[in-house]
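Q: Below, each chain spelled out in residue letters.
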Amino acid sequence: MTKSQKQNLDNVIRYTLLTVWLLIVLFPLFWIVATSFKPDKDWLAWPPVYWSEEPTMSNYNNVWGGRNGACRNAICSIRSETIHSTS
Amino acid sequence: MARSEIMLQRTKRYKKMVLFPLIASIMLILGPALLLQLYLSFNYYSIYSEGWWASEWYALDIFSEVVFDSRFHIAIIRSLGFALASTVGCFVIGFGLALLMYKNFRLQWFYYIIFIIPMLTVPIVIAYTAEMILYQKGPLNGILSSIVGRDMLIMWITNPDIALLTVVLMEVWNWAPFSFIIMMAGLASLPKEPVEAAQILGASRFKIFYEIQLPLLRPIIVLALVLRFLEAMAEFPKTWAIFQGGPGTATETIPVLIYLNTWYYFDWSKAAAMSYIVMMMMVVIILTAIKILQKENKRIAQVQAN
Numbered sequence: 000m001t002k003s004q005k006q007n008l009d010n011v012i013r014y015t016l017l018t019v020w021l022l023i024v025l026f027p028l029f030w031i032v033a034t035s036f037k038p039d040k041d042w043l044a045w046p047p048v049y050w051s052e053e054p055t056m057s058n059y060n061n062v063w064g065g066r067n068g069a070c071r072n073a074i075c076s077i078r079s080e081t082i083h084s085t086s
Numbered sequence: 000m001a002r003s004e005i006m007l008q009r010t011k012r013y014k015k016m017v018l019f020p021l022i023a024s025i026m027l028i029l030g031p032a033l034l035l036q037l038y039l040s041f042n043y044y045s046i047y048s049e050g051w052w053a054s055e056w057y058a059l060d061i062f063s064e065v066v067f068d069s070r071f072h073i074a075i076i077r078s079l080g081f082a083l084a085s086t087v088g089c090f091v092i093g094f095g096l097a098l099l100m101y102k103n104f105r106l107q108w109f110y111y112i113i114f115i116i117p118m119l120t121v122p123i124v125i126a127y128t129a130e131m132i133l134y135q136k137g138p139l140n141g142i143l144s145s146i147v148g149r150d151m152l153i154m155w156i157t158n159p160d161i162a163l164l165t166v167v168l169m170e171v172w173n174w175a176p177f178s179f180i181i182m183m184a185g186l187a188s189l190p191k192e193p194v195e196a197a198q199i200l201g202a203s204r205f206k207i208f209y210e211i212q213l214p215l216l217r218p219i220i221v222l223a224l225v226l227r228f229l230e231a232m233a234e235f236p237k238t239w240a241i242f243q244g245g246p247g248t249a250t251e252t253i254p255v256l257i258y259l260n261t262w263y264y265f266d267w268s269k270a271a272a273m274s275y276i277v278m279m280m281m282v283v284i285i286l287t288a289i290k291i292l293q294k295e296n297k298r299i300a301q302v303q304a305n
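Chains as they are written, first to last, in numbering that gives the first Met the number 0: chain A, 0 to 86; chain B, 0 to 305.
Keep in mind that the hints were calculated from the coordinates and are not lab data.
It is possible that some hints are incorrect.
As the list claims (entries may be wrong) - So these bits of chain A aren't anywhere near chain B, every CB distance computed over 12 angstroms:
hint, residue
1, G65
2, I74
3, S76
4, R78
5, S79
What the hints assert, rightly or not - Okay, derived cross-link-like pairs now, BS3-like style, lysine-lysine, Cα gap no bigger than 30 angstroms in a straight line:
hint, chain 1, residue 1, chain 2, residue 2
6, B, K15, B, K294
7, B, K191, A, K2
8, A, K2, B, K206
9, A, K5, B, K191
10, B, K11, B, K290
11, B, K206, A, K5
12, B, K102, A, K5
13, B, K297, B, K11
14, B, K297, B, K15
15, A, K40, B, K136
16, A, K2, B, K102
17, B, K191, B, K102
Heads up, the beta-carbon is just placed ideally off N, CA and C, and yes, glycines get one too.
Just chain A, with the same shape it has in the complex (with noise of 0.2 angstroms):
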């Protein structure tokens, strides 16, 4: 095997091995940000849904917004604390 030919085939069995790795590294971060757009449905389906049909912005709409949202706790929060404070 000549030397271009050798650096050829480490380089090849390199990326690869890398790659495995990297997605064994990315596919949770890549499971919590598909989870976080799918409806109810499709949280524990069998087959499992990788990407959803339906992507949905409810779940985000579920923690930041509305009555218990972490929008309106902030300002409950900074709310009562300068009232506190200032009392």
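We have chain A already, so just place chain B on it with the hints.
A: Below, chain B without anything else, positioned relative to chain A:
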């Protein structure tokens, strides 16, 4: 020569001066906790007493109860086995990645950044994400089924025989980058002349690795193994968040057992005694590791002097 002796003395004094505030503050913060644990190991604390100072003197009864407790023995064996498996796994993957990546190549920076990410993630996030993925009808089994061909419904979380292995896999995913960066640093610090000389003399790559690079890397390998082992012995969030001790007691490692004794059974004295026994064990392991490290460093210094 007198001048180098003075420099040596000055270096030693400087080291002590710099380390003193650090050690003093650690002792200030850890001291009360350690003393309280010591006190509770000898005095039985019951939640019915008016306070920790009203604990009854039990002498060595608490320690003997812990030392002869078979649940404690099995937890130690589980912890040691788990730490060993996770250390070896992290080391193999970390070293393998470092060997593939220490020479500069085109997308090195890209792979490097992404490989570091698992180490930077919060362990609880990893625990709950893994719980989602390892669900019996979840994506991991789905991918395995696609590869193998037929349905692989492995019970990662609910099978007591596999539960500890599941935690090991999560731990390896989380901390392999740690071993990876230590070994990258080690490989980068190797001198190039012996390798180049051997290549000119026509040695095979495997021989160069095994006889030149590996012996020079031994102290760093010991360091990577020891650091990982100690951290793995103290692993708590991933084990607790998903398993709370495992199906039955399958993943009851030492941190989990101590936590159960402190906050579920409220047997603070037993937990304190357990903590102390485990701490003594770890101190012995650390001292052994430091001795091995010092021997390796001396050996390398000798080789380099010749």
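Q: Now look at each hint and say whether the structure bears it out.
A: Do the hints match the structure? See the list:
Every beta carbon of chain B lies more than 12 angstroms from that of G65 of chain A, the smallest distance being close to 22 angstroms; the non-interface claim holds. No beta-carbon of chain B comes within 12 angstroms of the beta-carbon of I74 of chain A; the shortest separation is about 26 angstroms. The Cβ of S76 of chain A lies farther than 12 angstroms from every Cβ of chain B, with a closest approach of about 22 angstroms, so its non-interface assignment holds. Annotated as non-interface, R78 of chain A keeps its C-beta farther than 12 angstroms from every C-beta of chain B; the closest such distance is 29 angstroms.
At roughly 28 angstroms, the least C-beta separation between S79 of chain A and chain B is larger than 12 angstroms, which holds for a residue marked as non-interface. Distance hint between K15 of chain B and K294 of chain B is fulfilled; the C-alpha atoms sit about 23 angstroms from each other, no more than 30 angstroms. For the hint pairing K191 of chain B with K2 of chain A, the CA-to-CA distance comes to about 20 angstroms; that is within 30 angstroms, so the pair holds. Taking the CA atoms of K2 of chain A and K206 of chain B, the gap is near 18 angstroms; set against the 30 angstroms cutoff, the hint holds.
Between K5 of chain A and K191 of chain B, the direct Cα distance comes to roughly 21 angstroms. Compliance with the 30 angstroms bound is thereby established for this hinted pair. For a cut-off of 30 angstroms, the pair hint linking K11 of chain B to K290 of chain B stands: about 20 angstroms separates their Cα positions. Straight-line distance between C-alpha atoms of K206 of chain B and K5 of chain A comes to about 17 angstroms, which keeps the hinted pair within the 30 angstroms bound. At roughly 16 angstroms between alpha-carbon atoms, K102 of chain B and K5 of chain A fall within 30 angstroms of each other, so this suggested pair holds.
At most 30 angstroms may separate the alpha-carbon atoms for a hinted pair to count; K297 of chain B and K11 of chain B meet this at roughly 19 angstroms. Using a Cα cut-off of 30 angstroms, the hinted pair K297 of chain B and K15 of chain B holds, with the two alpha carbons roughly 22 angstroms apart. Distance hint between K40 of chain A and K136 of chain B is fulfilled; the C-alpha atoms sit about 13 angstroms from each other, no more than 30 angstroms. Between K2 of chain A and K102 of chain B, the direct Cα distance comes to roughly 17 angstroms. Compliance with the 30 angstroms bound is thereby established for this hinted pair.
Distance restraint check for K191 of chain B and K102 of chain B: the Cα-Cα separation of roughly 12 angstroms lies within the 30 angstroms cut-off, and the hinted pair is therefore satisfied.
The structure meets every hint from the earlier list without exception.
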